[in-house]
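Chain order of the listed sequences is A and B.
First residue of the first sequence? That's 262 in the numbering used here, and the numbers climb one at a time after it.
First residue of the second sequence? That's 262 in the numbering used here, and the numbers climb one at a time after it.
No wet-lab data here; the hints were simulated from the structure.
Since the model is a prediction, treat every value here as computed from it, not as a measurement.
There is no bait here: all hints are sound.
With a Cα cut of at most 25 angstroms, we get these calculated SDA-like pairs of lysine to any residue:
(1) B:Lys333 with A:Gly644
(2) A:Lys391 with B:Thr584
(3) A:Lys308 with B:Trp645
Negatives, chain B to chain A, calculated, CB over 12 angstroms:
(4) Asp424
(5) Asp654
(6) Thr758
All residues carry an ideal CB built from backbone N, CA and C; glycine is no exception.
There are 2 protein chains.
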Amino acid sequence: MAMWIWHFGDFEMYHNLRLHMRRDEFDHQFPPFWRLDDCYHNVVFRKEVTTAEDGHVRVNARYQGMLEIDGKRYRLSDSWGDAVTYPLPAGRHVIEAKVMCEDLPCFYMDGVVETDGTWDACTYGGPWLKAGCSPMYSDPEANPAEFPFVREPLVPVSAEEADGGLLYDFGRECFGEINVRAVKDSVKVRFGESREEALSDEAILQKHEAGFTDRVSVSFSPCAFRYVWVGPALPVEAEEQLLDVTSRGSFRCSDERLNRIWDVSLRTFSLCSREFFLDGIKRDRWVWSGDAYQSYLINRYCFADSAIDCRTMLALRGRDPMTTHINTILDYSFYWVMSLQDYYMSTGDADFIRNVWPSAVSLMDYCLARRDGNGFAANEGNGWIFIDWAEMDKDTCVCAEQMLFMRALEAMQALAAIVGADAGRYAALFNDLREKVDAFFWDDEKGAYIDSYASGKRNVTRHANIFALLFGYTVGEKRERILRGVLLNDAVTAIRTPYFKFYELDALCDAGRTEEVTRRMLAYWGSMVDGGATSIWEEYSPDEPMEAQYGMYGDRFGKSLCHAWGASPIYLLGRWYLGVKPVKPGYRAFEVRPQLGGLEWLEGTVPVGNGEVHICLRDGKCTVTATVSGGTLCWQGREYPLEAGVPVIV
Amino acid sequence: MAMWIWHFGDFEMYHNLRLHMRRDEFDHQFPPFWRLDDCYHNVVFRKEVTTAEDGHVRVNARYQGMLEIDGKRYRLSDSWGDAVTYPLPAGRHVIEAKVMCEDLPCFYMDGVVETDGTWDACTYGGPWLKAGCSPMYSDPEANPAEFPFVREPLVPVSAEEADGGLLYDFGRECFGEINVRAVKDSVKVRFGESREEALSDEAILQKHEAGFTDRVSVSFSPCAFRYVWVGPALPVEAEEQLLDVTSRGSFRCSDERLNRIWDVSLRTFSLCSREFFLDGIKRDRWVWSGDAYQSYLINRYCFADSAIDCRTMLALRGRDPMTTHINTILDYSFYWVMSLQDYYMSTGDADFIRNVWPSAVSLMDYCLARRDGNGFAANEGNGWIFIDWAEMDKDTCVCAEQMLFMRALEAMQALAAIVGADAGRYAALFNDLREKVDAFFWDDEKGAYIDSYASGKRNVTRHANIFALLFGYTVGEKRERILRGVLLNDAVTAIRTPYFKFYELDALCDAGRTEEVTRRMLAYWGSMVDGGATSIWEEYSPDEPMEAQYGMYGDRFGKSLCHAWGASPIYLLGRWYLGVKPVKPGYRAFEVRPQLGGLEWLEGTVPVGNGEVHICLRDGKCTVTATVSGGTLCWQGREYPLEAGVPVIV
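Same shape as in the complex, but just chain A (with noise of 0.2 angstroms):
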């Protein structure tokens, strides 16, 4: 299948950098504050190849350029409707389009040689990659600089009066345009994610006003809301904008209020899911390394789209040189490293890492350039140490920043393996690491790591310790202890974000603790779906009311009610409950270790690689079935290999 072809990477870069454009509110662009990278302009796309018989090609490029069939010129049309046919005789051809434009530099050819990833793509210096595409782009009309979102109309549930004009409520949160007809001078919007924000008065993100002079109607910014306050009282008509990609992963349960926190995961993450995954839909539209590699984890058990994975780890990284972290946050360089691993269990796909290999080097090297004279990479010259929203004792070396940067040393020894280069220097760099690490931070008195050393206070907050357990780096007596001193501990402080109850109850998982987490999803997602949530927050904290839970970073709405670190449930069911994780990358072997939690019964789908394989747990039976081999069930201390369409029932 012929399809547009780019340079490996640009399509993300071009995209990455108009997405950051659009963050808007209170009537202000909102630029992000990290250097964002275009594509390249200037490209050229090659093909050796030899044809059995005498044919023709067609070829369109967006917008200029030239080709070169066997070192002879020709033109390269701009448009599809000027596309140029130029006949191919049978036998060995080099063919190479050189374009450029101040747009993303694509090209398309189809006949008896087809664009498609098998080509290779350069920026004259740079190295020869194999071209970027996409199915998403093969027609030959289609634009690559155009993203193919799915439009639907959004029809409200009802209306109401209210402040001079009318109130609208879709019924759940939503992202998408609103349109108003010229009836009137001029029309004043606020959409809401909350009833109350689109009903204030006050500063609230997503507030305009428009004239109509010369203009039937007003197209409003695509933009987050549940409710729409529209004065004076006008009909509008709305448009939801989505990826298009629907779960393959499903889950079902004896409890009605999991499978509604099931249901409003998916939705809060298909709502992030877009160019790349975001942070959240209202605010920032951003794409956040740290947020981005839950997402990574999450869509393994729905979506299982690893091209929204590749789109958004190239989108981050950027080009060389590194001048900053990623997002400025030194965590979320470490994650992005982390992420390819991740990637590359989830797919088996070398190609990508081989790619992406010399990026993953140079940003360690800066990672490594800024550690200090112990080794820790500390606050000083390091940017935003961020770890999570919470009160943390920062003082020039974090703890919870040292266990992610193992991981990430960790993650380079295997990605060096997958690409054949050195992983014996990241490995000592663990080793020393990991060492320090405990010299420095594990109190012994206190059976836990503490915050940070420096300031004396000897503080303890769940993060490192999550991380410890998480990343493996306890073992025995001591691991117990932090399970019981910290974790199951209600002295230490709860975690207040979904983001870091993603991890805290990846842990508790890990231990073996399910039945303590589908009491606290319960208690914590439970909570906001019963209040009326239809999508996950930012932030929750369940014994507040909601309506006094709206702001966030000084403004009285400034909260992201739709948040993707929100979804991790479809991770934890999933993971832990589905039991479902890849053993060789790309799903090549997999193990479904399925269990209860505490439930009376639970079913569900999770993608393995090309297949899915569907789990049920029920009335003490366990029936497991996957399309694809590879699968081995685990079920009460013995394993049963899974054979393609082969039920398994014990």
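Starting from the known structure of chain A, fit chain B onto it as the hints suggest.
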């Protein structure tokens, strides 16, 4: 004066990319074969300022962004019609404008605080640099994304019927746009630098056919021509588009042919001076570092427009990482470094040097990393070893290239001293290289430097020997042997390009042979202008009929007949005959050492910093008047200080 501001270097990246998209020939675009960088698209501008009185600022941005005054955020309008005015009380303020767009991000403020080169700009993570700006963009409605060429109507001097159409002769080489009114169905247009080219029915570079469907007229992209053939016979409108600059230098002498050479050289140079210094206006219309190096030196003696120097150097360098040499040519990387030192000498602009110093270091690191085992800049892995369009033994390692390498290392020493960096490293490298060049390339029997030692051919061309003289790498008797045995020896193949004639005649002047240089200028350039050339050609042989010399690069009319490197008589006559050179950076001190070079009389003007110096040699008398102080007249072994406005007559 308020001016639009942009991130340092970004205006140049932006226009350089777009300029290089414009080469089209034989009905296809012809993109350069090196990486081209674009401007950044996410920029912050900043100024801390204390205002004396309450007032207002008016702000505008291209095209989107956010204004922060003392931490409070405001809207940035994207059109001057919507410009917003904000109050600014007396006192200390921090003003930041965060501008992001797909285009060139820039910002304008007037009122009690104005945007200009005192503002800082950065791209988040990159260093804070003084903002770029230009008096070309002081109007609040100006758009730095458009280059403000001066547009003048062009009127043909004749039209004759030919080939079923009309052949217009514009009387001299032009660069402009042709517009044809739609009185027929379609029109064919052929552009020729020569009459033969415009009348050719063979493939020529600029031959277009356009239909008039739904159009009242057709415009053809600006290109080079003296002759334009239009068929069928239709009236045309033509408009010249030139850089808004005039010559501050002048030259007249007793030889009318030399006066004509100076005039035609100036016309040539004016046509090739646009956003940047181009090689030629028919082809490539690209920015080449070797060509530009000569343009910087020619510029000193006519426009003395340092702005175009800066623009060209920034455009050529592009961004890190270096992945190829500048224009893919090793020599051209060295010329780039050399040009910085010359620029500093012309202007004394240390700020510019400081801003580009990191780029100079990384460029030189790139060169140093590619040395061979002997420490030479060798062929292997070094891209294109150009030197000149001449037969030369380029086996492995070329002597002329090492001469440029040495000269670039000397320039790095000088630049390091300007910015306060360590010059010693470059001094050591220079000394080492100089010894090795003499050991490997000097042939004492031939009394000359050989092209290359690897082949064993021990071939001698003029190039390395010219550089050895010009850069002062030989002294005493050795110098004299090179002069007589190579430069004044007709048995050594003559230089054919004006490009290398520049260096040859410069070296001869330096050796006191101006009378020989006069003869050679008259023989070479004189022959061209006698033959009717209205601009200087890319390459020329006085021994062949002009109409037999239109071809180059395998194309019948491939040669550029208007090539900047042909304009060197402006440099030679200003530098050696009028005899002016800077002695201290920015002409704070300058030398005037006029000589007749065999002419009866001469007079002229040379720009010296903010002033000019006028020199007249006539009737055995030397009269020199400078509008600024700092000069020294050197005449017949004596020195005379020059005071502003006071003629010295000796």
